[in-house]
Amino acid sequence: MMNQSVLKKYGTLIGALGILLVIALFVQSNYMLSLLSQAVIYTILAVSLQLIFGYAGQVSMAHAGFFGIGAYTSAILTYHYDWNFVLAFLMAGVVAAIVSLILSPMAKLGEIYFAMSTLAFNLILTIVFANGGNLTGGWNGLPGIPFPNIFGWVVDSKKEFFILASIVLIVQYLFMIRLTEGRLGRNFRAIRDNQLAASSLGINIGLTKIKGFILGCFWAGLAGSVMVHMYAFVSPEPFSFHESITVILMVVLGGLGSFVGALFGGFGITFLNEVLKEIPLYRPIFYGLFIVVMMIFWPNGLYGLVKKFQKQTKETLIKYTKINLSLKKYLSQSKDTNQTILKMDHVTKQFGGVVALDNVDLEVKQGQVFGLIGPNGAGKTTFINTITGLEKPTIGKVTFLDEDISGKPMYYVGAKGMVRTFQTSKLFNSMTVVENVMVGTSTILKNDIGMAILQNKEYHIEEQKAYSIAMSIVNLVGLEDKAFDLCANLSYGHRRLVEIARALASQPKVLFLDEPAAGLNLKERENLKDLIIRLRNEFGITIFIVEHDLNLLSKICDHMAVLNFGKKIADGLPQAVVNDPEVIQAYLGRRDKKHA
Amino acid sequence: MYLDILVSGLAVGCIYSLIAMSYSLIFRSSGVLNIGTGEFVMVGGLVGYSVISTLTTNYYLSIIIAMVIAGTVGYLANTLVFHPIQKRGGQDVHVLIASIAILISLPQIGALLWGAEPLSFPNNISQGQVNLGVTQISGMSFLIILLSFAIMIVFQVFFRFTRLGQAMRAIADDRIMSQLLGVNNHKYIAIIFLIAGGLTGIAGVLLGPIYYASYDMGTIGVKAFAAAVVGGFGNVTGAVIGGILLGLIEAFGGTMVSSQFRDLILYGILIAVMLFRPTGILGIKQRRDTA
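For the record, the sequence lines run as chains A and B.
Take 0 as the starting number for the first sequence in numbering that gives the first Met the number 0 and just add one per residue.
Take 0 as the starting number for the second sequence in numbering that gives the first Met the number 0 and just add one per residue.
Misleading hints may appear alongside valid ones.
[Unchecked claim] Taking lysine to any residue pairs in the SDA-like style, the calculated list, with each CA pair at most 25 Å apart, reads:
(1) B:K186 <-> A:V292
(2) A:K407 <-> B:T278
(3) A:K306 <-> B:V92
(4) A:K425 <-> B:V92
(5) A:K425 <-> B:G89
(6) A:K306 <-> A:N428
(7) A:K407 <-> B:V92
Calculated from the structure, these hints are not laboratory results.
Note that the structure is a prediction, hence the values are computed from the model and not measured.
With the rest of the complex left out, here is chain A (with noise of 0.2 Å):
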């Protein structure tokens, strides 16, 4: 079991491995080497732009610029300064993370405005690269660059230069691999997938993004040092933007969200370029040309076409046995029923002209189910969107366990506890059932950068447990026979259920419901009426739902209030409320009650 798992997780890399290897025994001639030796540079701009492309969903159009800078450091550094070429190539990557620390506040901007702000950072570059002076030696650029010495080793042969970008491709292969594989891999996955769900569960969109980004950045830099150690020269050409799409080919071809889709695109665009050498003015239009057939006919490169074929089994999905734990001792929340967990003061919500939301008190009482009900455009969305941070109240204040959170971050408030549905259910559909769920245990675990590279034994235990409680929760919804099934692929009902068990994941101290019953047949809504309940009496959730079905809600819920044109029209016991002659006048309209 431990062996298979670990041929699958680097069965790839170890063919790789082997491939290199015969490459390097066997080839002798010098203009295969150099060209195997630049597609291997270029495959680790690839895998870099991957991350920052295929999983934290930027579109970096600077990628060749942040090359550069590695490229220009490691060479000022060796030919100016006299650096060890250790310590330079450590340096160029260094210096590419600061810089793309600057861009970094950029990145919780929609993909269209990043895109855009790093075409023109890496026309910026070209600009400083080529007017430098001395320091970067203009258009002509700086010929005679020292060749590198690795403790004693000096890399002065094309084949040992083949050696050395292979060894870094081969750590930095490794280095991501295991970067994606726990919390922070699966969160890039999510917001990549869907944003608005990611930030709901708590995840800070805009922090998680930079981090993908920065390290991407780092990696290009050291690409770039290698290359320019191996030409000995550096000029301002091979940093353009337009280097920077022909990475973006790369990965596009290859597949988003595929390292080994990489791979493939960065070898195969590098040795593609060097067929199409003999008609340089025809070769961006043949590029352009395929990426738009791309796009239109399988956006999701090669990878997408294989995946297509290739049957998933279970067993490959299994990184972890399931161990049992306490989800009572998991998902329990305080048993004092008199303490008041959320409140609302006046709030109120205006859209422009139109007053969605009209002076609304209410209260909350820890584990309750509290149900919201009102007309079509009453305002009940608009309601939880105001309370959990997707809208900022107008006037008004929202507590939360004493704490003022009105017009705090979607994500902060989700980290304390309040999680919601949304009312279309949004999944992470290129992902599985137990991988969603699992996405929601993102607040409680630890394990970051630093860890996932690591992976000690503290970082297996937490994964366990994530993926244990993700497992019990499914079971819990009954989602179980579907958990490795991809989310894509589920039926309408089954994804609400996923959506929940998501939500159940990050340990809600209010789990509010948007709509939960809209869409599913009688049996699927009778099941969901006795998971709530389970939810309430269980564990001791407090449930929030906004719904139309009054039967189902008069049935489960606590307490009730009813919203119309943005007023709130009555508050009390769900028998009060539906008795209530305006609540009838309003909701139900004129009808004679039995009929309801």
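Please build the complex by placing chain B on the supplied structure of chain A, with the hints as guidance.
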């Protein structure tokens, strides 16, 4: 001296405004950011050059022909690239990647057809002077400003008072709702691409006589994008204001730095705006169907 800089800055700013309007129009209506927008400017510039150096000496005719051809290229970009991707369920990121394809392939097509050398427009277009009381200003700049303002006014009228314009505004505001109310989105979005392409084509012909026309002039698209975000991306009025503002900043700032660093001014502004005030001056009105 200062009047000269003011007028030429204003003229270049007007050109940025036209391109920025093109970005905003397309983005508002179809949600596409066409990174290759600058390359449509290149198409306009090169076509304008060919027309004026071979077919006719009438500058206005060359503007119209360039507009039509760049408009057609814009229309084709939607029909052959963006629309098929969206129709087959491609997401924003796939559309964005496809627009990168336009960014790399169009300039090469330009280079194949027109060569890699910068092409200068005939002197008689750019050399005239206009008397303004005591001083003289460049006739070309004067023409650019006049034409650009005329186009912008026509656009405002078009959007406010014609049925077509109103339908486009409806799509820009809420695509799904306008579709439910019977607006044929696909048709209108295609027309918007046509118009937006035409705008960039005009920008190309206006830009040609002040600098030159060449296959690599498309990087002006990045500067125009800076103008669009300064004004508030997706806001057509903001695009006009942002363009003029950046044209003036570049003209006056350019006198202070050496010429090779001149481009840094606007690229730097783009990044600074993105870092500190991504909503721009006028702010972005959120599309209602994206929430």
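Quiz item: When the hints from earlier in the document are held up against this structure, which numbers fail?
Solution: Violated: hint 7 alone.
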